[in-house]
Amino acid sequence: MTDSAPVLDVRGLTVDYGGRPAVEDFALTIARGEIVGLTGDSGSGKSTLALALLGLTRGPGRIKGGSVVLEGTDLLALDEASRRERRGRDIGLIVQNPRGALSPLHRVGQQIGAVYRSHQTVTGAQATAHAVDMLRSLGLNDPERRASAYPHEISGGMAQRVLIAMALGSGPRLLVADEPTSGLDVTIQAQFLDEMWRTVRKDGSSALLMTQDLGIIANYCDRVVVLQNGRRVEDAPTQSFYAAPRDSYSRSILALRKEEVLPDAAPSRLLEIKDLRKIFPLRGSNKHVQAVDDVSFTIGRGETLGLVGESGSGKTTVGRCILRLVEPDAGEITFGDASVTSASPAALRGLRRKLQVVFQDPFDSLDPRWTVTDILAEAIEGKSDKARIAELLRLVGLRPDVASAKPRALSAGSQQRVNIARAIAVEPELIVLDEPTSALTPLARIATIRLLRDIQARLGVSYLFISHDLNTVEHMSHRVAVMYLGQIVELGTREQVFRSPLHPYSKALLAAHLVADPSRRRVDRTDIQTLSGEIPSPIDLPRGCYLASRCPVALASCREQPQPLLPAPDGRLVRCTPAIASLKQAMH
Amino acid sequence: MSEVLDLADAGAVHVATPAPSFLFRLGAALVVLSLVLMVVGPWITPYDPNRPTFEISEPPPALTAIPGLLWRVITGAPHDPIHWFGTDSSGLDVFSRVVAAPRTDVAIAVGANVVSLILGSLLGLLAGFARPWIAGTVMRISDLIQAFPVFITGMILVTFAGRSNMTIVLTLAFLYTPIYVRLTRAEVLSQRTRGFVDAARVLGKPEGFIALRHVLPNALAPSLIQASVTIGFAILMTAGLSFVGAGVRPPTPEWGLMIAASANELIQGEWWSSLFPGLAISLTVFGYAAFGNGLERIYDR
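Chain order of the listed sequences is A and B.
Mapping of the first sequence onto my numbering: position 455 corresponds to residue 455, and the numbering continues sequentially without gaps.
Mapping of the second sequence onto my numbering: position 37 corresponds to residue 625, and the numbering continues sequentially without gaps.
By construction, these hints were calculated from the structure, which means they are not laboratory data.
All C-beta atoms in this analysis are idealised placements derived from N, C-alpha and C, irrespective of residue type, glycine included.
Some hints could be false.
To be verified - Simulated pairs of lysine-lysine, BS3-like, Cα-Cα distance not exceeding 25 Å:
| id | chain 1 | residue 1 | chain 2 | residue 2 |
| --- | --- | --- | --- | --- |
| 1 | A | Lys386 | A | Lys274 |
| 2 | A | Lys406 | B | Lys793 |
| 3 | B | Lys793 | A | Lys202 |
| 4 | A | Lys406 | A | Lys386 |
Said to hold, decoys possible - One-sided excerpt, in silico: chain A residues whose CB lies under 8 Å from chain B:
| id | residue |
| --- | --- |
| 5 | Glu24 |
| 6 | Leu325 |
| 7 | Val326 |
| 8 | Arg353 |
| 9 | Asp361 |
| 10 | Asp364 |
| 11 | Pro368 |
| 12 | Thr371 |
| 13 | Ala379 |
| 14 | Lys386 |
| 15 | Arg388 |
| 16 | Glu391 |
| 17 | Arg422 |
| 18 | Val426 |
| 19 | Arg520 |
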């Protein structure tokens, strides 16, 4: 921020899609060393803008006017050859899908080196050495070995770091990142953003970070720009933006932060799971994946249990076992007074109507050939009861004219409402919500959470809320269970788990959680507990505690003996003897 | 805080349907024409396709004479009998026979495909849903049928079962069923893991209901697209069988038979009695293929 001339100065940028403007009269300046966050709902024009900034707009999109001045040169006024020259050298791009952006046929080091070589006159050996240096500076251990790996040999998080290495290889003045962490697990997302933040800060370059996640912006950006229908509706410093957002979009999303109160659940038990176990054999070998490993919990009437964990932790399999969409290998599931695990096909059919489900992908869950009326009538099992269908649509906040539409004609948020309507149509006592908001835009996500809470308050239904998104879990759940590699490692009330996690894994997961509040930035905290290394493969699990190899507080005995899930003094269950011991000590 | 967006948006959105390509329109027109001729062909011919006329091996009118002849037909002026495509060595009017032939060719091809589509998609559904050993048996039998050369198997089967239109339909249906079994099974396997199938299961619907109401309708599209292409092949096959003498009995108007009957005259310069039925076969097969191709593109989007 020593130099007053901005790195990037965009004025009056307008991009058209067949006559319809996708970005209209957009203006933005980015100062040296500044990280700017750009947000907006799906379809607001973020990605179109990212491509336009690099002069990569493709048909039918067309740049109608404006200027993109990068360090004094208007990129849009240049011819394609000199634009290509600047791309990668002066301005770097990180895209959404890290694996799709890497060539599967070339070694990672070669690809980083190739970008470097196209802008500098260096030999191949120098370029490779540079690639290794880049990877080392990004915190990859053993960078020589990583550089000679092919993209399929490295993890998704590592592929994303390779992309940063490629984007930063020639030391560009500006880095454009378009949803760089969508699809990554929270701990890897935090790792990645920390590294990007550090690198940009260290080099004094600037960054434009496009994301729908206001948590990311609160944590890493200096300034916030909001796009709505292709127009800039907000441009404010992060602190004042979060204190009082001026545009309706941000206000709608941030409003949820203040709605915290959940009515207490009745204590009477509805569902009980004991020692559930599920193993998937691997085809073509005698190995197997331990998807669910001795999971036990209960859900009370009108209660929501949040089930959180990273991908591959087995949380979805638990939900599918309860619905008997997957046959458990061992364990007992009791619903009310009836056993789900030993139910006959006929009894199961009756049970299932009290046990409903909403899946992650709203479109995939609706038969594309059926109308909304057909879909709901199937659930009611009545001869298309018009009044009941209208009532259901009203309950989930859909207009009555939706009834004759097919799923394809509805937005993802509306599709998910139809799914919810189908689930509540049979008046169930428990609904398994398997990542119901993950495929939705931020606005639709918030609307869906409100709807689900409203339905619970009205109908007294219980939820098993499965999600990797800690924000939504926090807003939905009375109690929370944290899963790691098929096991529950901590199970307590929402306050216990979110305010003072006890298990080292819960601590790391919560530390990676990016809160949409710039006063609680992750980069400012010093007490962060991080896990080292990678998640062990669920095929070859360690002998002792599954976390021992990554755990900062592991004892020698942890590596040898599996940890039992034991009650801590404050009533929650924790699968970590040392953590319980330290809590006991602290309380005495 | 007061002004927030209305979160319950929730109306219907407009979905644009892509404009079909020119080839698809042309294909669709040819398909419709062939189906219309299949129904009305023999009734609208200018001459009886099975009764010889007095002109034997008469060539079609010269291109320069056509406008004049057309004018006379339109105005109703007296004129000699016109054979647009000429007559063959028995004095049969080629044009009438080309127009009457779809009653045989297209009917056999469509009939065979309807039978094999129904049979094949049901067997494919079974193979996608049933226990592994049932599925395995169905698939291995399909392999076995497909392992034989289609044309030779067809010739042998028709010869053994007797040359009637029904046996040709059943033979072709038998030979084409494995195509539909395979296509339907592959689609069933991907459809049966979709969310709406699981959702129906959770609603307590029986497996048979789910298979027939949810999975089958959604798994049919590839087979229906394939059917269009296979009908084209079946027309070619019907004509081919007749050509080698293992198909429709003469003197039924049928394109393959017509080519076979006039193949000898071709050497003596009588090109018209085999060229026009040959063109008819090519255009029809092309039409069905273009139609199927276009359908596939529309479905892909």
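A quick look at each hint next to the structure:
Proximity of Lys386/A to Lys274/A is assessed by CA-CA distance (about 42 Å); at most 25 Å being required, the pair is judged violated. A hinted pair counts as satisfied when its Cα atoms are at most 25 Å apart, and Lys406/A with Lys793/B qualifies at roughly 21 Å. About 60 Å separates the Cα atoms of Lys793/B and Lys202/A, which puts this hinted pair outside 25 Å; it is violated. Of the pairs offered as hints, the one joining Lys406/A and Lys386/A holds, with about 17 Å between alpha carbons and a cut-off of 25 Å not exceeded.
At a threshold of 8 Å, the smallest CB-CB gap from Glu24/A to chain B is about 19 Å, leaving the interface hint violated. Given hint, Leu325/A at the interface with chain B, holds; its Cβ is 6 Å from that chain's nearest Cβ, closer than 8 Å. For Val326/A, the shortest C-beta to C-beta distance to chain B is roughly 10 Å, which exceeds 8 Å, and the interface hint is violated. Evaluation of the Arg353/A hint against chain B yields a held restraint, the C-beta minimum of about 5 Å falling below 8 Å.
Checking Asp361/A against chain B: minimum C-beta separation of about 6 Å stays under 8 Å; hint holds. Of the supplied interface hints, the one on Asp364/A holds, with its beta-carbon coming within about 4 Å of a beta-carbon of chain B, less than 8 Å. Contact between Pro368/A and chain B, as hinted, is supported at the beta carbon level, the nearest pair being about 7 Å apart and thus within 8 Å. Interface hint at Thr371/A: violated, since its Cβ lies 11 Å from the closest Cβ of chain B, which is beyond the 8 Å cut-off.
This hint holds: Ala379/A has a C-beta 6 Å from the nearest C-beta of chain B, less than the 8 Å allowed. Checking Lys386/A against chain B: minimum C-beta separation of about 18 Å lies over 8 Å; hint violated. Because the closest C-beta pair between Arg388/A and chain B is about 15 Å apart, greater than 8 Å, the hint is violated. With 8 Å as the threshold, the beta carbon of Glu391/A stays out of range of chain B, its nearest partner Cβ sitting at about 16 Å, so the hint is violated.
Annotation: interface hint on Arg422/A holds; nearest CB of chain B at approximately 7 Å, less than 8 Å. Contact between Val426/A and chain B, as hinted, is supported at the beta carbon level, the nearest pair being about 7 Å apart and thus within 8 Å. Because the smallest distance between the Cβ of Arg520/A and any Cβ of chain B comes to about 21 Å, over 8 Å, the interface hint for this residue is violated.
Hints 1, 3, 5, 7, 12, 14, 15, 16, 19 from the list above are not met by this structure, while the remaining hints are.
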